[in-house]
Amino acid sequence: MAVKALLRRMTPLDRAIVLILLAGAATTFFYLGAGARGQRVVAEQNGRIVFAAPLDENRTASLTGPLGETVLSIRDGRARILSSSCPLKICMGMGEVSRAGELLACVPNGLLVRIEGPPEKRSHDLISY
Amino acid sequence: MRFTRPIIIVVLLIALAFFSLQRLAGDGTETVRRSRLLMGTVVEIEASGKDAERLDRTVTEAFNEMERIEGLMSPRRPDSDVARLSLSPAGTEVSPETAEVIDLGLDVSAASDGAFDMTLGRLKDLWGIETESPRVPSPTEIREALAGCGRQALRLEGTRVIKTDPKVAVDLGGIAKGYAIDRAIAVLRQGGVEIASVNAGGDIRLLGDKGRPWRIGIRHPRDPDGLTATLILGETAVVTSGDYERFFEADGVRYHHLFDPRTGTPASLSRSATVVAKTAVQADALSTAAFVLGPEAGLKLLEDTPEVEGLIVGADGAAVLTTGLKGRVEWP
Numbered sequence: 000m001a002v003k004a005l006l007r008r009m010t011p012l013d014r015a016i017v018l019i020l021l022a023g024a025a026t027t028f029f030y031l032g033a034g035a036r037g038q039r040v041v042a043e044q045n046g047r048i049v050f051a052a053p054l055d056e057n058r059t060a061s062l063t064g065p066l067g068e069t070v071l072s073i074r075d076g077r078a079r080i081l082s083s084s085c086p087l088k089i090c091m092g093m094g095e096v097s098r099a100g101e102l103l104a105c106v107p108n109g110l111l112v113r114i115e116g117p118p119e120k121r122s123h124d125l126i127s128y
Numbered sequence: 000m001r002f003t004r005p006i007i008i009v010v011l012l013i014a015l016a017f018f019s020l021q022r023l024a025g026d027g028t029e030t031v032r033r034s035r036l037l038m039g040t041v042v043e044i045e046a047s048g049k050d051a052e053r054l055d056r057t058v059t060e061a062f063n064e065m066e067r068i069e070g071l072m073s074p075r076r077p078d079s080d081v082a083r084l085s086l087s088p089a090g091t092e093v094s095p096e097t098a099e100v101i102d103l104g105l106d107v108s109a110a111s112d113g114a115f116d117m118t119l120g121r122l123k124d125l126w127g128i129e130t131e132s133p134r135v136p137s138p139t140e141i142r143e144a145l146a147g148c149g150r151q152a153l154r155l156e157g158t159r160v161i162k163t164d165p166k167v168a169v170d171l172g173g174i175a176k177g178y179a180i181d182r183a184i185a186v187l188r189q190g191g192v193e194i195a196s197v198n199a200g201g202d203i204r205l206l207g208d209k210g211r212p213w214r215i216g217i218r219h220p221r222d223p224d225g226l227t228a229t230l231i232l233g234e235t236a237v238v239t240s241g242d243y244e245r246f247f248e249a250d251g252v253r254y255h256h257l258f259d260p261r262t263g264t265p266a267s268l269s270r271s272a273t274v275v276a277k278t279a280v281q282a283d284a285l286s287t288a289a290f291v292l293g294p295e296a297g298l299k300l301l302e303d304t305p306e307v308e309g310l311i312v313g314a315d316g317a318a319v320l321t322t323g324l325k326g327r328v329e330w331p
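Chains as they are written, first to last, in numbering that gives the first Met the number 0: chain A, 0 to 128; chain B, 0 to 331.
Everything labelled a hint here was simulated from the structure, so no lab data went into it. No residue lacks a Cβ here, since even glycine has one placed at the ideal position from N, Cα and C. Do not take every clue at face value.
[What the hints assert, rightly or not] Interface residues of chain A toward chain B, partial, derived using beta-carbon atoms under 10 Å:
no. : residue
1   : Leu87
2   : Met91
3   : Gly94
4   : Gly100
5   : Val106
6   : Gly109
7   : Leu111
8   : Arg113
9   : Pro117
[Claimed, not checked] Label-pair restraints from in silico Cβ distances:
no. : chain 1 : residue 1 : chain 2 : residue 2 : range
10  : A       : Ser122    : B       : Glu156    : 46 to 54 Å
11  : B       : Glu306    : A       : Arg39     : 39 to 47 Å
12  : B       : Gly251    : A       : Gly67     : 38 to 46 Å
Chain A on its own, in the form it takes in the complex:
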């Protein structure tokens, strides 16, 4: 009943303002939500971009480095190294990345994979490890 009373007391301008504020909040929510996920997968070798693709399209890419082939998989908005001809396979153990700024690297095969997109809001600037 209180809601009905409130609605009765609102002028058309009040209603317009409420609508504008709600639309603003929805837009902000949409943009912040999108910022958490990356948009593109970019692979570099020796500073040169050798592969780029949207993160939301499933695909597999074979990238050739000095040691042979490294296979990159993009599936369900996540990228990971499926197989690699490097000796220790550390790149395969790095798991999946999906957020802007995250990296996969196969150092022996000279391959760097980066997720690009709007920066994510995090609790820290960098991680020391």
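Mind docking chain B on chain A? Use the hints.
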């Protein structure tokens, strides 16, 4: 339509002005972020300033400088100072940069009573932890690899490094990366960059600030996605040495790459050691030394070193930190 709610209009206009200003971000600051594979790791440089083209050029110069340092100090490059030094029976002339690194390394070696050791090249080759076929050597092999090693095995006369034992193989793995980071920061500073970070595989140096202190997460030694703590820092360097970086497992035992020079086996008192110092080269060497010494002696070393702070996670998972870090740490 009558204006019956003037206060709402004022609030709305203020909110609109605020969001518009935020969106326009009127100071014109540009940020360049680039990554390269150098020194066996991913190096990321982020630099902010007014002129994007100049920033980009300066970041390229910083990467080039790191690559030059790698060429001087990588044991895998046959013409590097380090490779030549290891092959030479009595020592050799090195570049001023390599001499500077060895000089600082000898200081940390002395302060840590030999826990930081630049003469473990043969021992590292023996274990082969960073190779395809690592193995646990026999006690006899370890004894032989340690023969002649230690801080007394190297001496510096100007830019000439003297070896007291011909077999000694020099390894600057615990210090060269920090030096390269410092050189990159120097190049960025010379290029007029006021706000930047250089992150070489988690070894970090910070320049300026973003209008607020930097927040540096310290990786949890046993949870790759978790943080042990977050440090609130100004313009400084942060380096962490951990037993999770490079290791292999044999018969259920983890053998990592940070050796205790006293035993020739992986140091067992710590899981990780993080050092905050003015330069990355000092933080790099001290983090290795503190890791080897463990929470008790390692913490004392850090407390006794001027303008240095740190956090050590012991083998039991408990963290200790220097008094100067208290108030600058957030726990998860």
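Hints, verified against the model:
With a cut of 10 Å, the hint placing A/Leu87 at the interface with chain B holds, because the nearest CB-to-CB distance is about 7 Å. The restraint placing A/Met91 at the interface with chain B is violated, with a minimum CB-CB distance near 14 Å, outside the 10 Å limit. The restraint placing A/Gly94 at the interface with chain B holds, with a minimum CB-CB distance near 8 Å, inside the 10 Å limit. Interface hint at A/Gly100: satisfied, since its Cβ lies 8 Å from the closest Cβ of chain B, which is below the 10 Å cut-off.
Evaluation of the A/Val106 hint against chain B yields a held restraint, the C-beta minimum of about 6 Å falling below 10 Å. Hint on A/Gly109 holds. Least Cβ distance to chain B is approximately 6 Å, under the 10 Å limit. Checking A/Leu111 against chain B: minimum C-beta separation of about 6 Å stays under 10 Å; hint holds. Taken as an interface hint, A/Arg113 checks out: its beta carbon lies about 6 Å from the nearest beta carbon of chain B, inside 10 Å.
A hinted interface residue such as A/Pro117 counts as satisfied when its beta carbon comes closer than 10 Å to some beta carbon of chain B; here the least separation is about 13 Å, so the hint is violated. The beta-carbon spacing between A/Ser122 and B/Glu156, approximately 49 Å, falls within the hinted interval of 46 to 54 Å. Evaluation of the 39 to 47 Å hint for B/Glu306 and A/Arg39 yields a pass: the beta carbon distance comes to about 42 Å. Hint check: B/Gly251 to A/Gly67, Cβ distance near 32 Å, so the stated range 38 to 46 Å is violated.
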